[in-house]
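S.K.: Spelled out, the chains give:
Number of protein chains: 2
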Amino acid sequence: MNKWTEIKKRMDILDAMEHARNKILYDMETGAPSKSFPKIGKTLETLSRLYHEQMTELGLLELLQSCEKSEVSEIQWKMIKELERNLNKIIKIPADEYAAFNQLLITSHGKWLEAKKADDFSLFAPTLKEVVAFQKKYIEYQGYEANPYNALLDDYEPGLTVAELDVFFADVKAKIVPFLQELLAYPKMKAIKKAQVGKGHFPKAKQKELMVFLAKHVGYDFERGQLAESAHPFSQSFSNDDARITTRYDERDVQSSIFSVLHEFGHAIYELNIAEDLTMTPLGGGVSMGIHESQSRFYENIIGRSTSFWKPIYAAVQAYFPESYGDVTLEDFILSINTVEQSYIRVEADELTYPLHIMVRYDLEKQLFNDEITVEQLPELWNQKMEAYLGITPATLAEGVLQDIHWSQGSFGYFPTYALGSAYSAQFYHTLEKHVDINTDLLAGDLTNITAFLAENIHQYGKSKTPKEIIFDTTGESFDSTHYTSYLIDKYKKMFG
Amino acid sequence: MNKWTEIKKRMDILDAMEHARNKILYDMETGAPSKSFPKIGKTLETLSRLYHEQMTELGLLELLQSCEKSEVSEIQWKMIKELERNLNKIIKIPADEYAAFNQLLITSHGKWLEAKKADDFSLFAPTLKEVVAFQKKYIEYQGYEANPYNALLDDYEPGLTVAELDVFFADVKAKIVPFLQELLAYPKMKAIKKAQVGKGHFPKAKQKELMVFLAKHVGYDFERGQLAESAHPFSQSFSNDDARITTRYDERDVQSSIFSVLHEFGHAIYELNIAEDLTMTPLGGGVSMGIHESQSRFYENIIGRSTSFWKPIYAAVQAYFPESYGDVTLEDFILSINTVEQSYIRVEADELTYPLHIMVRYDLEKQLFNDEITVEQLPELWNQKMEAYLGITPATLAEGVLQDIHWSQGSFGYFPTYALGSAYSAQFYHTLEKHVDINTDLLAGDLTNITAFLAENIHQYGKSKTPKEIIFDTTGESFDSTHYTSYLIDKYKKMFG
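Protein chains in written order, with the numbering used here: chain A, 1 to 497; chain B, 498 to 994.
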């Protein structure tokens, strides 16, 4: 058999197994019967063992390494290198440690829930220390330059370094932290909060109809997607012809689902626009968490909280929920969806304070992996940083250091990509404005040109370019966070000042 | 590694891969976006290649054969033998022929659809001949005793023979064919047809509520199951904690969904009651198509079309659909759901004529595989048999020989199990009556004892007993079709005579 044919066969198997795993997980999130979970867990365990075996025990790495650049096309070569990169990360971890870590994560999740419920960090600390210890060993296995935390960042945002993030967050700290206090004092901000726009009862069935309308309005193709319901909104793609989104319905709050749908649409449209020759290959997904998040945040915030976007469709919202929105002007609606709050919970944070929540986590993770602080110090330092960045101190651990699931899952280095995504999106937006008459298009209810620009410059490439290449080739410059901080300050000043 | 541990590991992989495949298929049937199908098809193809590899290329058969009975427990031994039986069936087919057959089936399905649409058998005949030719080779590979058709029957109903089926269908032919004409002449039958009970509009949302009510009434546990929607109703289990059912909603006819739900519940409850030590192993499913169908037909027909079953819940149907059923008495409702018709389409056939539809197919398949008739003769012979058994002649092929998908899928020997299931269910019913006061329980809306009897005697064993053992151990005798023919004639005479 031709070497590429053999490699492709192995790639297909890995892709099919990933599809299977994700389909089972998707099913669990969107409706699998509750008592089926333990047995589905066993099935997933078996599939993951088989996947690991396919990756590591059948000479795949040797096969990839034996292939010369001259034997394959340029894109095939990139596929080989991407798979090799992932494979190398796994292979560097001794199999028994890998298994032990996966065991630990099961305990860890339980301990985190327990500690959160009891408001007692000491119930989680010993397990978290073990998780961190494993991550430190992982860093050693992977190797790193300059800063150990870079090894973790690389898993979510290939090539991203502490040096770059330090510049980014310094900019955020210098500009957004003081601006937050200024903004909160604006009379218009105080007035819109007092007005309590958008209260009422929003029946699920009606919300569902509105969400389908909204998804179609932004260009979601229901013949290549699905809008399902889950406890936490997420998106999941299986190919460039099948990228699904989920939402949840809170009958006291329709905005929650509106912005979830716009957010997840951004993730889905990225996956749906990946080129035909990349889909279902090692290059067939979004290139990094940060670039992915830039697309979701773009539709959720930059587009989805703008006046031009809502002007042509706000009447639909009013028609669906006349009791809550019949008397609310478009202007007040826009102000209400851009209200800024000093809040404790990251996932509920507004566009402006969101990066401050991330900064708390970035500081702590970086220090932790540079041995500058200990696990035990996390609750206290968390509160200090919340006070410094947001001006508030959480009263409970559930509102503080224990609010996120990530650390219990061993995900360190993930959080920064959330803020980075917003920052990337502002930079893309800055370029997009030069190519597309965004306001005119939005006012006409037409997102075709906007999405086409993103598809052409970002989506289609999948992982065939690096995040840095995507940014440079799209915007003509390297990542520059001042687009983001300027965008935020300009936007809120214009709106509320 | 211990030999059993190694075997169990391999069994787990096969089970997990089957789970994955079935989950993907289930998703396709219950809502996957339409344009995702071609790519999902590729994924399924890859998974099936991997499955085949796991079955045949990694020394599994040798591993199983190397294991001595003394090395394992009795139940482990049965698992090994069951897997070996399945493996042997696959291994006997040369790999390239197996692949060619799978290719052929793709063409075959298209040709069948084409021929059906054009009402032209000659468009399908050449492909069907190839399918039959492959099946004949398959029979030779598998080997058989007495009759070549036995090799095909064994795939769906292990141990079933033409000799047994001939006795069964002779009984049906002798008693049901003449009884049908007698029954159609009963004034009560004519009257209920004229009354046109159950016409109206049945909104989907209301039907869904009724179906959930009904499923709960018969004991379906929604924490271990799910009621989804699909083009054709089916059931799919993933473990004894996860057996799902689907239905479809026709807004002009609520009965269609009612009896689909009861039918699929029978399949699901079988799978849900399989013993804990058998689930997710080679013994962890229903033992045969016939026994499976006996459970679905039992709840659909014997229970689900009886007066005692409906008496305590008919008011609910009336409350959901007062316009259609408010004025219909329980007696008329029962008569209406037991109406008998000379009809062309098997899947729409009533309880009495159903086996006659099957008999047409049995006769033809048996003759085909005994070289007594040719593929070209099928349409004409089909019509002759329809006339002889049901007293009607189809006007089109879609109402005749081309109505079923089965032959285009290479499924020969499958049809008889449908009739056999009904016959088994009557025999089980005959025994059940001696142990459970069925009418009293049904009138009290309590199916616990009824289902417990089936669980104890049939369900729990999975594939750890043969179909013949299940029948003998439950009823104290071998399969005897006179229970079925007597049940049918008694029932309809009592109801309409």
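Hints listed in this document are in silico derivations from the structure and should not be mistaken for laboratory results.
Where a beta carbon is used, it is the ideal one built from N, C-alpha and C, also for glycine.
Hints are not guaranteed to be accurate.
Capping the alpha-carbon separation at 35 angstroms, the derived lysine-lysine pairs in DSBU-like fashion look like this [to be verified]: (1) K701(B) - K204(A); (2) K3(A) - K701(B); (3) K500(B) - K9(A); (4) K39(A) - K586(B); (5) K672(B) - K35(A); (6) K42(A) - K500(B); (7) K586(B) - K8(A); (8) K965(B) - K35(A); (9) K589(B) - K311(A); (10) K42(A) - K532(B); (11) K532(B) - K208(A); (12) K42(A) - K566(B); (13) K468(A) - K575(B); (14) K42(A) - K586(B); (15) K578(B) - K988(B); (16) K206(A) - K713(B); (17) K3(A) - K532(B); (18) K465(A) - K532(B); (19) K9(A) - K505(B).
Derived, one-sided and incomplete: chain B residues facing chain A with beta-carbon distance under 10 angstroms [to be verified]: (20) H516; (21) P591; (22) A592; (23) K672; (24) H729; (25) F731; (26) F735.
Quick look at which bits of chain B chain A covers, simulated, 3 or more residues with Cβ under 8 angstroms [to be verified]: (27) 561–568; (28) 718–728.
S.K.: The structure should be examined with respect to each hint, and the outcome stated for every one.
M.R.: Against the structure, the hints come out as follows:
1. Between K701(B) and K204(A) the alpha-carbon distance is near 17 angstroms, which keeps this suggested pair within the 35 angstroms criterion.
2. Using a Cα cut-off of 35 angstroms, the hinted pair K3(A) and K701(B) is violated, with the two alpha carbons roughly 54 angstroms apart.
3. Simply put, K500(B) and K9(A) have alpha-carbon atoms about 30 angstroms apart, close enough for the 35 angstroms limit, and the pair holds.
4. Distance hint between K39(A) and K586(B) is fulfilled; the C-alpha atoms sit about 29 angstroms from each other, no more than 35 angstroms.
5. With a CA separation close to 47 angstroms, the supplied pair K672(B) and K35(A) exceeds the 35 angstroms bound.
6. A distance of roughly 21 angstroms separates the Cα atoms of K42(A) and K500(B); the hinted pair therefore holds under the 35 angstroms criterion.
7. Proposed proximity of K586(B) and K8(A) is supported: the alpha carbons are some 30 angstroms apart, at most 35 angstroms.
8. Distance restraint check for K965(B) and K35(A): the Cα-Cα separation of roughly 33 angstroms lies within the 35 angstroms cut-off, and the hinted pair is therefore satisfied.
9. With a CA separation close to 68 angstroms, the supplied pair K589(B) and K311(A) exceeds the 35 angstroms bound.
10. At roughly 31 angstroms between alpha-carbon atoms, K42(A) and K532(B) fall within 35 angstroms of each other, so this suggested pair holds.
11. A threshold of 35 angstroms between alpha carbons decides the hint, and for K532(B) with K208(A) the separation of about 22 angstroms falls inside it, so the pair holds.
12. Restraint check for K42(A) and K566(B): satisfied, since their Cα atoms lie roughly 27 angstroms apart, inside the 35 angstroms limit.
13. For the hint linking K468(A) to K575(B), the alpha-carbon distance of about 58 angstroms lies beyond 35 angstroms, and the restraint is violated.
14. Straight-line distance between C-alpha atoms of K42(A) and K586(B) comes to about 28 angstroms, which keeps the hinted pair within the 35 angstroms bound.
15. For the given pair, K578(B) sits about 42 angstroms from K988(B) by alpha-carbon distance, which is inconsistent with the 35 angstroms threshold.
16. Between the alpha carbons of K206(A) and K713(B) the distance comes to roughly 27 angstroms, so the proposed pair stays at or under 35 angstroms and holds.
17. At most 35 angstroms may separate the alpha-carbon atoms for a hinted pair to count; K3(A) and K532(B) meet this at roughly 32 angstroms.
18. Straight-line distance between C-alpha atoms of K465(A) and K532(B) comes to about 27 angstroms, which keeps the hinted pair within the 35 angstroms bound.
19. Using a Cα cut-off of 35 angstroms, the hinted pair K9(A) and K505(B) holds, with the two alpha carbons roughly 27 angstroms apart.
20. With a least beta-carbon distance of about 5 angstroms to chain A, the hint placing H516(B) at the interface is held under the 10 angstroms criterion.
21. Hint on P591(B) is violated. Least Cβ distance to chain A is approximately 19 angstroms, over the 10 angstroms limit.
22. Violation of the interface hint for A592(B) is found here, the shortest Cβ-Cβ separation to chain A being roughly 15 angstroms, above the 10 angstroms cut-off.
23. Interface restraint check: K672(B) against chain A, minimum CB-CB distance 43 angstroms, threshold 10 angstroms, status violated.
24. A distance limit of 10 angstroms between C-beta atoms decides the matter here; for H729(B) the minimum to chain A is near 20 angstroms, and the interface restraint is violated.
25. Because the beta carbon of F731(B) sits about 16 angstroms from the nearest beta carbon in chain A, more than 10 angstroms, this interface hint is broken.
26. Look at F735(B): its Cβ gets to within about 7 angstroms of chain A, closer than 10 angstroms, so that hint holds up.
27. Look at the region 561–568 of chain B against chain A: 0 of its residues bring a Cβ nearer than 8 angstroms to a Cβ of that chain, fewer than three, so the hint is violated.
28. Residues of the region 718–728 of chain B lying with their CB closer than 8 angstroms to a CB of chain A number 6, which satisfies the three-residue condition for coverage.
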